[in-house]
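Chemist: Residues per chain are reported as follows:
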Amino acid sequence: MVIQMILNGLMLGLSYALIALGLTLIFAIMNILNFAHGQMYMLGGFVVYYFYYVFGLNYFFALFMCIPTLALIGVIFEKFFFRRVLTLGRREESSMLLAMGTALLLENIALIAFGYKEQGVPPLIHGVIKIFGGYLPADRAFIILMSVLLIIGLLVFIYKTRPGRALRALAQDKEVTYLMGVDVNKITMLGFAVGAALAGLAGGLLALTFPIFSGSGTPITIKSFLMIMIGGAGVVPGAIIGGFLLGMVESFGYGLISGSMTYLIIFAMIILLLIFRPQGIMGKPWG
Amino acid sequence: MNQKNYARIVLVATLLFIYLIVLPIIFRNQRYLLNIVITASLLSCASLGVWITFSIGRINIGQGAFAGIGGYTTAILIMKAGFSFWQSFLLAGLLAALIGFLFGLVILRLKGVYFAMLTLSLTETFRLIFLNAEGLTNGGNGIMGIPRPGALSIAGITIIPNFGRSNIFFYYLSATILIIVFLAVWRLYKSRIGWIFKAIRISEDLTRSCGINIVKYRIMAYSICCFLGGIAGSLFTVFYQNIFPASFQVNDSVYFMLYCFLGGLDYLAGPILGAFVLTGAFEVLRFIQKYQEGIYACIMIALMLWLPNGLMSLNLGKVFGKRKEKELETTEADKLLKSYNPDSGRKSLKKEG
Amino acid sequence: MYFEMKDIEVNYDHIRALKGISITLEKGNIITLIGANGAGKTTTLKAITGLVKIGSGEIWFKDQRIDVLPPQKVVSLGIAMVPEGRHIYPFMSVKDNLLMGAFLRRDGQEIKKDMEMVFDYFPRLKERLRQQGGTLSGGEQQMLAIGRALMARPELLLLDEPSLGLAPNLVQRIGEAITVINEQEKLSVILVEQNAKMALKISNKGYVLETGNIVLEQESKDLIKNDHVRKFYLGG
Ligand SMILES: Nc1ncnc2c1ncn2[C@@H]1O[C@H](COP(=O)(O)OP(=O)(O)OP(=O)(O)O)[C@@H](O)[C@H]1O
Ligand SMILES: [Mg+2]
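Residue numbers (my numbering), protein chains in the order written: chain L, 76 to 362; chain B, 16 to 368; chain V, 547 to 782.
Keep in mind that the hints were calculated from the coordinates and are not lab data. There may be inaccurate statements among the hints.
[Said to hold, decoys possible] List time: in silico DSS-like cross-link candidates among lysine-lysine, alpha-carbon distance up to 30 Å: (1) V:Lys747 to L:Lys235; (2) B:Lys205 to B:Lys19; (3) V:Lys619 to L:Lys249.
Between the sequences and the hints, there should be enough to build the whole structure, so can you do that?
Modeler: Okay, structure coming up:
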């Protein structure tokens, strides 16, 4: 029983970490709370649904297609919406309402394009792995593996590459980053694209076990906010910790008590946490 | 100057005339249209609360929770404890304000996105509480068949007779409450408290350094906000005669914000204008059913791109909205605070509570 | 002329921060801008790097007009700036801070060499290579900020109050370092300073800026003797 919950928690926690990383990246760079993050996750699911199931292409190709699709949406949002509002807008509320608008927009486009119906894709790998008395469907094991690889990949990108360094620089001090010769507009766009692509990849991965439907975005958005509140907004390790914790707690909660009670307790705990650590566990501007 | 005041009085009188006389007469036999105006009035009331929290520099996406609290308080008191609507209406507002006060003690320390995210999850939390407290709330089945307001009598004298299910009566009830609320808030913002609220938004540190207990004032602002959310929720509940955990959700909280924005954050009339325009537009857009929410989303985006200061910042604002308060810089905050002379200067030495 | 600003005006919302100033610099020289708080010194440097838009005037560097270029293009021409208040990246290691300075360069080997050069000037940085920028002391942060600018291998270095908040002996060391760097790396320098004494000692030419205007412009050795300067900037 406990093993089973840990196995589920691992899968949820790691894929949630992926979602939180994308959200925190966008927040750190642009100081924007991307309300459309859940909708981007949802679109990732549909990308996989179409390429993998409807068109019958290779799953990895379908998953890969989440990257250009969502990155493109991210770039469009950044270039045509947020950049203008961030340069014009004097209140941070403006970008927040804009972000809510983009979320509503994506959700409605999805609704028109894909309808209300829940969709699913056939399993990628059949079979179940037995670990210490717990059962782990092979697809879930695959999700765990892929999430870990993607998280490592992202960390390498952020901490070891030149564009990654520019992203970190931008998050810490924008003006001086101009002075380093960084094309700030381009890097901002890159950050938004990477953040969006991460949400899409998470959606594409979890499409293997969860239903894909146009309304799945908002709950994910709320959950991703919880994750970065737990970990600390704009902090990379915080996002991983927040995502992982939320996934684990959710898994145990669903196993032991009901789903809505679980979230009630999670909310209460977060409020308690924020009383003592208003910046979240890893709270600092950027790590 | 005089001419401007004159224009303003004419405009206000015209609007009141339309609101209180023309609309009810035109719509008297069209229940559906009358309901739309009632809805807009109640939404305005809740949005005014959100506007107050904006005015102290907090982004409040949690008003739905307090509308829910008000609604459930009313429903439970009427259905399970045999209270009259009038009693429960008042208690709903007070309880919402009390809960807002208690939360405010904790969460108002947070700012910016943290406050926004937390209030957003507050809405979700209360939805779950209503869902889970089945003994009181009937869980997901909700509470139905709530009677409309009965007669109000104080000390044996009937002040408001029993109007049964008349919608016109409800129309005037909601209109009266909106006007009272608006006047009260307007009065508040004319007083020194209003100055302090604005000063808090511009700079909490500066305001504190002027010897003002900002903790007290921001909790006051938030409690008022929650009170308005509570009474709006209470009225909604008796208006629809039912309430469910899903009656007030995250999206509703977002829409309250949106109304404020659409009207214009710098104007007290902004949220009311926003609520009426959007509720009206919403009904018009209903004819293109399928794309309704999408268009709604486009409005949100377009608004932020091209009209970030809201409808009131258009010409209308010149007549109606008093002088436009520009985004105040810190230096202007200084002026603002100097122009208000704290009569109790000695307090400045005390630490905040 | 190697570097020239002609009649530069800069306006912030309502304030006219620069009211038409002209500055020239010959290759290899150090010039200094001195002036009181709010005189417009920082604004001048920001105008050069393109961080603020100029209202009118022209800026030329090596026969190219640079006031029309975005900051990253200006930087790529070989102009580096050490901003006022250091502005090192607080959550990056010293090494990553230095690498950010070399952001536009692709010559890996040369970057390594230049990093060694920075360590020659500021050995303290080498000891703290892995430490986070924000945990360095004020003096170390200033060294890092200068080192980071040098990593771009600039031809023209803009320094905004490098001695701000440093103890007198450190001010002297920074001053010496600037002289040495100027000689060894064949670097031209525009030095903005409140500490007029140090600045005038190490520079060839000085400009005195008051409320957006240049009121004095002389060889530094003459400026030191100027009554006005002695009275207002050298403390009598
Ligand atoms: N971003 C800005 N917006 C509005 N006004 C500004 C801005 N930056 C500077 N100013 C104003 O422009 C004028 C010149 O400022 P600047 O920073 O160039 O002075 P400075 O000579 O560097 O002073 P200090 O020695 O204190 O650094 C000042 O009056 C300042 O208030
Ligand atoms: Mg300066």
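Chemist: Please flag the earlier hints that this structure goes against, numbers listed from lowest up.
Modeler: 1
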